[in-house]
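Enquirer: Kindly generate the complete structure, drawing on both the sequences and the hints.
For our numbering, add 7 to where a residue sits in the sequence shown, where the first one is 1.
Rather than coming from a laboratory, the hints here were simulated on the basis of the structure. None of these values were measured; they are calculated from a predicted model. Where a beta carbon is used, it is the ideal one built from N, C-alpha and C, also for glycine. Treat the hints with care, since some could be wrong.
Below, a list of computed lysine-lysine pairs in the DSS-like style, where the Cα atoms sit at most 27 Å apart [what the hints assert, rightly or not]:
#1 K253 / K204
#2 K253 / K205
#3 K122 / K205
#4 K122 / K253
#5 K122 / K204
#6 K26 / K122
Simulated DEER-style distance windows between Cβ atoms [to be verified]:
#7 I215 / S56: 32 to 38 Å
#8 S178 / I77: 16 to 22 Å
#9 S22 / I175: 35 to 41 Å
#10 N80 / L17: 25 to 31 Å
#11 F59 / W94: 21 to 27 Å
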Amino acid sequence: MAEMSFWDHLEALRSCILKVLAALVVVLVGCFIALPYIFDAFILGPTHSDFFMCRLLGFAYGPTQGVEIININVAAQFLTHMSTSFWMALVLVFPYLIYQIWVFVRPALYQREVKGVRTAFTAGTSLFYIGCAVGYLLVFPIIFRFLAQYRIGTEVVNQINLSSYMSIFLSMIFIMGLVFEMPILLWLLGSLGIINKKMLRSWRRYAIVVLLILAAAITPTGDPFTLMIVFLPLYLLYELSIVFVKNG
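Expert: The following block contains the structure:
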């Protein structure tokens, strides 16, 4: 294949960007239309006492009461509708974004590099979605239950503002999505020769301590049950990383 000029690369990049933006706009419109039908059941799901994790926590610690979300800003519901639609569209378009990045960089790769990069893109996308799911189903309900029921005094009543709820909801889910990219990061460092299997195995005890501290920071409840719920997926990610990192 003939070598591409600078302007050819620029045109290819422009084409990829326009395709991603077009897909984002289409999905954004779809999310904006569908959001009112799924907002109560999906996004506000963790506030309901019959949510999966709430039932599990209720079994361990007693019944969990539902939480009422309020709005105190005249434009907040519309702005939340817009911003949430955008973030949902971005998450849904993410695989297509990764695909377009792959289309753009593939001509610059040697044949032996293609398989590794393609696997990394696929695994990275899958792990991001798994992390988001763990954040939604496990981590966020634990944190929200603790914060929503925490009271500094008996005279202070918690009324959760919509903007406050959406801020912690989105941040927790995206943080967990990024945390689950740990195997890809360690695989990349292994591919560059910075780390290897032997090093990761020898660091296992230190990794356990660091991951326990990270899990404790994510879950402020302080009890071992919720700590283990968050710690175990993180530790499994570390062990998974050892499997894929090259030998020294």
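Enquirer: For each hint, tell me whether it holds in the structure or not.
Expert: Going through the hints against the structure:
1. Distance check on the hinted pair: K253 and K204 sit about 6 Å apart at the alpha-carbon level, within 27 Å; holds.
2. For the hint linking K253 to K205, the alpha-carbon distance of about 9 Å falls within 27 Å, and the restraint holds.
3. In summary, the hint linking K122 to K205 is supported, as the alpha carbons are separated by about 25 Å, within the 27 Å threshold.
4. This hinted pair checks out: K122 and K253 have alpha carbons roughly 15 Å apart, not beyond 27 Å.
5. A distance of roughly 21 Å separates the Cα atoms of K122 and K204; the hinted pair therefore holds under the 27 Å criterion.
6. Restraint check for K26 and K122: the C-alpha separation of about 24 Å stays at or below 27 Å, so the hint holds.
7. Between I215 and S56 the C-beta distance comes to about 34 Å, which sits within the given range of 32 to 38 Å.
8. At roughly 20 Å, the beta-carbon separation of S178 and I77 lies within the given 16 to 22 Å, and the hint holds.
9. Between S22 and I175 the beta carbons are some 38 Å apart, a value that agrees with the proposed interval 35 to 41 Å.
10. At roughly 43 Å, the beta carbons of N80 and L17 sit outside the given window of 25 to 31 Å.
11. The beta-carbon spacing between F59 and W94, approximately 22 Å, falls within the hinted interval of 21 to 27 Å.
In this structure, the one hint that does not hold is number 10.
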